[in-house]
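With the sequences and hints as input, model every part of the structure.
2 protein chains.
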Amino acid sequence: MGLICPSGARPRDRILDAARDMFRKFGIKGCGVDAIAEAAGTNKMTLYRHFGSKDELIAECLRDQTRVVADLWAKMEADNPDPLDLLKAWVKASAMASCDSRGCDLANAAIELPDEGHPARKVVEDFKRAQRDRLADLCARAGARDPEVLADTLSLLVEGARVSRQSVGPEGPCQRFSRVAEAAIDNAVGARETA
Amino acid sequence: MGLICPSGARPRDRILDAARDMFRKFGIKGCGVDAIAEAAGTNKMTLYRHFGSKDELIAECLRDQTRVVADLWAKMEADNPDPLDLLKAWVKASAMASCDSRGCDLANAAIELPDEGHPARKVVEDFKRAQRDRLADLCARAGARDPEVLADTLSLLVEGARVSRQSVGPEGPCQRFSRVAEAAIDNAVGARETA
DNA sequence: CGCGGGTGTTACCGATCAGTAACTTCCGGA
DNA sequence: TCCGGAAGTTACTGATCGGTAACACCCGCG
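Those sequence lines, one after another, are chains A and B. Just so it is clear: in the first sequence, position 48 is 48 by UniProt numbering, and no numbers are missing. Just so it is clear: in the second sequence, position 52 is 52 by UniProt numbering, and no numbers are missing.
Treat the hints as calculated values from the structure; they're not laboratory data. From a predicted model like this one, the values you see are computed outputs, not experimental measurements. Treat the hints with care, as some may be off.
DSS-like, lysine-lysine: derived pairs with alpha carbons at most 25 Å apart [to be verified]:
#1 B:Lys29 x A:Lys29
#2 B:Lys25 x A:Lys54
#3 B:Lys88 x A:Lys25
#4 A:Lys44 x B:Lys29
#5 B:Lys75 x A:Lys29
#6 B:Lys92 x A:Lys29
#7 B:Lys122 x A:Lys54
#8 B:Lys25 x A:Lys122
#9 A:Lys25 x B:Lys92
#10 B:Lys29 x A:Lys122
#11 B:Lys25 x A:Lys25
To list a few chain B residues with every Cβ distance to chain A over 10 Å, as calculated [as the list claims (entries may be wrong)]:
#12 Phe51
#13 Asp55
#14 Leu84
#15 Ala93
#16 Gly190
Cβ coordinates follow ideal geometry from the N, Cα and C atoms, glycine included.
Structural data, given as structure tokens:
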């Protein structure tokens, strides 16, 4: 039928790509390993030889996604030497990512896999924690009055925008994410001398 | 084994309660109708006689949840005649709900059921839209300078708090939801004369 | 040339899935 | 008392699930 991906060279990479796509389209619990293997242009055996189980494949998929985000950060940092510029570039990038109809793969996985012992849960928690700390550090360098509070505010806003996009659609509250986030930044940074 | 619920009288209500509990514990896709019926102290046939399918059971579960929220609103409105008090009471209630380890059932369902045609999706979208409009109306009555923006801000924050609680845990950004939300309200309402 | 590792293929396992049929049992109301 | 509807019970369907065994294949490297 419709095999998606002859792109990547190695089967392992194709499986990872196909799994990411299908998890987004149908949800993690919504697609079986057989369908993933077929979409990757390979078979179930090869999938199980590279990843020991579906749960491990899920975890590895998310780890792969964290690498994508890390690369995006590196690129943004290279393009924006000024911390405040970088912070606003992050807002812009997050707004674009929130236009995506399926939000954050990591957060979605946490919702879809309630079992705290699932290998994917640790990946999600570590990533989200690191992301928030990185944001707090950036807020501090950008001169925010209370960087911790600003970082949490922005974290909540972006997380909310992504989930709101999925439940209400693009016309809902998420369309004002950029505006609200930038206002929060301006408010926190502009008031740095008044404290 | 462990049947959960001899509480409600009618089987229909017991099934609804059991389904809600199990969906929260294991995720919607994570539990089968047989297990739900057993947890409700009944059987699969009775379940299928009341709800035509699992998908319809899911949708009815969420409809039931919207009624719970509506009751909560009615109670809060009765207790808080002043709009600004009501708005802050809503923040308080939302903060407590965000302590819940599994967030908002409606939003979770939207994430777990990517198929736009699923009967549950309409329930979620209608509810979230109505919730935002109600909030915007309340913000206007509370004297916010820009009620639409404040309503969207609060919507994003509460949605973000609930999903963040699930991915990072209770020590993450969600612990500052109350503080940030109240600051947003004070900022929007306090500045109503300056515009 | 031959060898070995990565890959493909097929068939299978037991479990579970959503959903249905046929029959019995119980209870309340007339 | 009897009747009817709601509920319980058992057994079943066909599909799909995650995961595995056995074997054929192909290609690069020595």
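Going down the list of hints, with the structure as the test:
1. B:Lys29 x A:Lys29: Within the cut-off at roughly 6 Å; holds.
2. B:Lys25 x A:Lys54: Holds, at about 21 Å.
3. B:Lys88 x A:Lys25: Between Lys88 of chain B and Lys25 of chain A the Cα gap is close to 38 Å, so the pair fails against 25 Å, i.e. violated.
4. A:Lys44 x B:Lys29: Within the cut-off at roughly 22 Å; holds.
5. B:Lys75 x A:Lys29: Violated, at about 38 Å.
6. B:Lys92 x A:Lys29: 34 Å, violated
7. B:Lys122 x A:Lys54: 31 Å, violated
8. B:Lys25 x A:Lys122: At roughly 18 Å apart (the allowed maximum being 25 Å), Lys122 of chain A and Lys25 of chain B satisfy the hint.
9. A:Lys25 x B:Lys92: 36 Å, violated
10. B:Lys29 x A:Lys122: 21 Å, holds
11. B:Lys25 x A:Lys25: Distance ~23 Å between Lys25 of chain B and Lys25 of chain A Cα, so the pair holds.
12. Phe51: 21 Å, holds
13. Asp55: The claim stands: Asp55 of chain B keeps its Cβ more than 10 Å from every Cβ of chain A (closest is about 13 Å).
14. Leu84: Non-interface label on Leu84 of chain B holds, nearest chain A Cβ at 20 Å vs cutoff 10 Å.
15. Ala93: Holds, since 17 Å exceeds 10 Å.
16. Gly190: Answer for Gly190 of chain B: holds, closest chain A Cβ roughly 13 Å.
Violated hints, in rising order: 3, 5, 6, 7 and 9; the structure is consistent with all others.
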